[in-house]
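Protein sequences appear in the order of chains A and B.
The numbering of the first sequence is my numbering, which starts it at 1 and goes up by one.
The numbering of the second sequence is my numbering, which starts it at 1 and goes up by one.
Just so you know, these hints were derived from the structure itself, not from any lab.
Backbone N, C-alpha and C define an ideal beta-carbon position, used for all residues, glycine too.
Do not take every clue at face value.
Claimed, not checked - Sample of chain A residues at the chain B side, in silico, Cβ under 8 Å:
no., residue
1, G35
2, A310
3, T326
Single-letter residue listing:
2 protein chains.
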Amino acid sequence: MTDRFVLILAGGRGERFWPWSRPGRPKQLLPLAAGGRSLLAATVARAERVVARERIVVLTARDLVEAVRHDCPGVRVLGEPVGRNTAAAIGAAAALFRHAAPQASFAVLPADHAIDDEAAFAADLARAFEVAERELVLLTFGIRPTHPETNFGYIHRGARVAERLHRVARFAEKPARADAEAWIASGEYAWNAGIFVWRAGTFLDALRASRPALAEPLAGLRWSGGDAGFERALDGVFPGLESISVDYAVMERAPNVLVLEAAFDWDDLGSWGAWARRQPRDADGNVLFGDAVALECAGCVVVGDGGTAAAMGLRDTVVVHVEGSTLCCPLDASDRVRRVTEAVRARGGGRA
Amino acid sequence: MTDRFVLILAGGRGERFWPWSRPGRPKQLLPLAAGGRSLLAATVARAERVVARERIVVLTARDLVEAVRHDCPGVRVLGEPVGRNTAAAIGAAAALFRHAAPQASFAVLPADHAIDDEAAFAADLARAFEVAERELVLLTFGIRPTHPETNFGYIHRGARVAERLHRVARFAEKPARADAEAWIASGEYAWNAGIFVWRAGTFLDALRASRPALAEPLAGLRWSGGDAGFERALDGVFPGLESISVDYAVMERAPNVLVLEAAFDWDDLGSWGAWARRQPRDADGNVLFGDAVALECAGCVVVGDGGTAAAMGLRDTVVVHVEGSTLCCPLDASDRVRRVTEAVRARGGGRA
Numbered sequence: 001m002t003d004r005f006v007l008i009l010a011g012g013r014g015e016r017f018w019p020w021s022r023p024g025r026p027k028q029l030l031p032l033a034a035g036g037r038s039l040l041a042a043t044v045a046r047a048e049r050v051v052a053r054e055r056i057v058v059l060t061a062r063d064l065v066e067a068v069r070h071d072c073p074g075v076r077v078l079g080e081p082v083g084r085n086t087a088a089a090i091g092a093a094a095a096l097f098r099h100a101a102p103q104a105s106f107a108v109l110p111a112d113h114a115i116d117d118e119a120a121f122a123a124d125l126a127r128a129f130e131v132a133e134r135e136l137v138l139l140t141f142g143i144r145p146t147h148p149e150t151n152f153g154y155i156h157r158g159a160r161v162a163e164r165l166h167r168v169a170r171f172a173e174k175p176a177r178a179d180a181e182a183w184i185a186s187g188e189y190a191w192n193a194g195i196f197v198w199r200a201g202t203f204l205d206a207l208r209a210s211r212p213a214l215a216e217p218l219a220g221l222r223w224s225g226g227d228a229g230f231e232r233a234l235d236g237v238f239p240g241l242e243s244i245s246v247d248y249a250v251m252e253r254a255p256n257v258l259v260l261e262a263a264f265d266w267d268d269l270g271s272w273g274a275w276a277r278r279q280p281r282d283a284d285g286n287v288l289f290g291d292a293v294a295l296e297c298a299g300c301v302v303v304g305d306g307g308t309a310a311a312m313g314l315r316d317t318v319v320v321h322v323e324g325s326t327l328c329c330p331l332d333a334s335d336r337v338r339r340v341t342e343a344v345r346a347r348g349g350g351r352a
Numbered sequence: 001m002t003d004r005f006v007l008i009l010a011g012g013r014g015e016r017f018w019p020w021s022r023p024g025r026p027k028q029l030l031p032l033a034a035g036g037r038s039l040l041a042a043t044v045a046r047a048e049r050v051v052a053r054e055r056i057v058v059l060t061a062r063d064l065v066e067a068v069r070h071d072c073p074g075v076r077v078l079g080e081p082v083g084r085n086t087a088a089a090i091g092a093a094a095a096l097f098r099h100a101a102p103q104a105s106f107a108v109l110p111a112d113h114a115i116d117d118e119a120a121f122a123a124d125l126a127r128a129f130e131v132a133e134r135e136l137v138l139l140t141f142g143i144r145p146t147h148p149e150t151n152f153g154y155i156h157r158g159a160r161v162a163e164r165l166h167r168v169a170r171f172a173e174k175p176a177r178a179d180a181e182a183w184i185a186s187g188e189y190a191w192n193a194g195i196f197v198w199r200a201g202t203f204l205d206a207l208r209a210s211r212p213a214l215a216e217p218l219a220g221l222r223w224s225g226g227d228a229g230f231e232r233a234l235d236g237v238f239p240g241l242e243s244i245s246v247d248y249a250v251m252e253r254a255p256n257v258l259v260l261e262a263a264f265d266w267d268d269l270g271s272w273g274a275w276a277r278r279q280p281r282d283a284d285g286n287v288l289f290g291d292a293v294a295l296e297c298a299g300c301v302v303v304g305d306g307g308t309a310a311a312m313g314l315r316d317t318v319v320v321h322v323e324g325s326t327l328c329c330p331l332d333a334s335d336r337v338r339r340v341t342e343a344v345r346a347r348g349g350g351r352a
């Protein structure tokens, strides 16, 4: 138990909630979690059910460190000098934890997902630690699909190991709609939530086996000189590393991968629409957040942060006011917000 | 010619363009006129085709004087201590002009209407001055109706006096839809645009005849002590005056009223939709103003002032971003914006 850690990956720029989200205030720092907490703060709270706060490390972009520390006081926050995707980030943390405790195990949690059933999450995570420590496997969580989502990766289950625990037949990338429907019908597929548990040594061994050029410089990282010293060590190593996801670099290649079907709810909150589905609504089915007014509206999402967002006579529409920007679009177009931010940037507005 | 003046009434709070318009930046100060000028500046420019700039007086609310002076440099701007509707405002100006020139005549122009054909306007206004000075009548302009508008007052023409010049049978208030349709079909009705021309003495006589308690204190106003002196005189008189429109107080009662059918275009810009009809559009029929982006939109009005307004996937919708507030509603609901400002005020947001 004392050798367990949690790594929260909070380096994403998460712009799907533009204009609420910005480069300096990405999705994980927005108050999108239940109770108006940030997704990151909610992730930390879930992690604290399993490990002590001082054993939680948040890895983020260097320029977000201050904002993250402000959001999560008392948690160790480390900044990457450049983004090098998840394999490098997890590898660096694995070296850090192994140096702190040779038998260390750790969970990897994305900072910007929504999970409301904290008790089920804590129970599943504890079970995952036990399995990973005992079996020396790479354990990933699978989410039971509720609809044929084409924006997620999937995990095809292999042989059953125990209740809700299976070998992994294969990882599958974002599917076409027809494939997603067939996979769900088969009952053999789960969503890949990017939540992992393993011993630090197990992960570093797997990384070395599949990506030796990535593993070698990371394995040499040492915890010395405090947070600033570790960040300086990252400065020397990160720029030269391959930028690759842990799925590609490790999970799809390693032989010792198990998938635990989650007993908890989960959503990646990939759009305004996804967020709205988890929010309380008024009598007309509107989600109002902050300084928001909806008249003669139904099924709308109205958010005012730093100003008033007022909607009248609309259906199923997103209206967002933040300082310096407004977005208005149909809720079912909200997964294409990136098109808007690209257009705003192309105009040189500089506010996206 | 040398005794002609123009009075521009710019005291309105014009909140139909909320959130672009605010109490401190009402409709007449917004860049709603052709070429991005304010409606007030465009009104001054039209007036200058008929009288010299120093013979134009803008009467506004005291707290708007500074903003109005900034918008119209070189024009005499006077502030009312309290709003007392149009009869008192015009009466005060009539006294001012008569004191400057006993035979003075003046035109009354609302500051927040749109007229693009400046040459036709100037020609009509010059003709109106000649008629009013010669005949000692109260002359009002009638606008040929283009649709059965129920938000305007109408003028029922009487006997023909000359080309486009008639006696007035009666002034009619905002009609029901069926009445408006019948009136337009009759060809005998014009819209009441609130544009008047008369000698100062003729107006003061008519006011004294119909509203002596209103006329008496106004007739005593003198031009002494400059603008500040005149404003102090208004301070002593205005608070005690009846608040009544010139239509009720004078036009509906006076026997010597003529209506000149305007040869120019006119719109009172009573809503976002009315404004949009006069604006240039992009290939998809969208009106974009300021820092505005429209993707996959058609027939929309997108305005960004002090920030970016971004719309995606909308039809016939208004999206307005200003500092501190956003409005989003269907274009055909934009004449009910007041409902939104009332709701915002009721919440105590204080930004409406």
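Comparing the hints with the structure gives:
For A:G35, the interface hint is violated, since its Cβ never comes within 8 Å of a Cβ in chain B; the closest pair sits about 22 Å apart. For A:A310, the suggested interface contact is upheld, since its CB lies about 5 Å from the closest CB of chain B, less than 8 Å. Hint status for A:T326 relative to chain B: holds, with the closest Cβ pair at about 4 Å, below 8 Å.
When the structure is compared with the earlier hints, a violation turns up for hint 1 alone.
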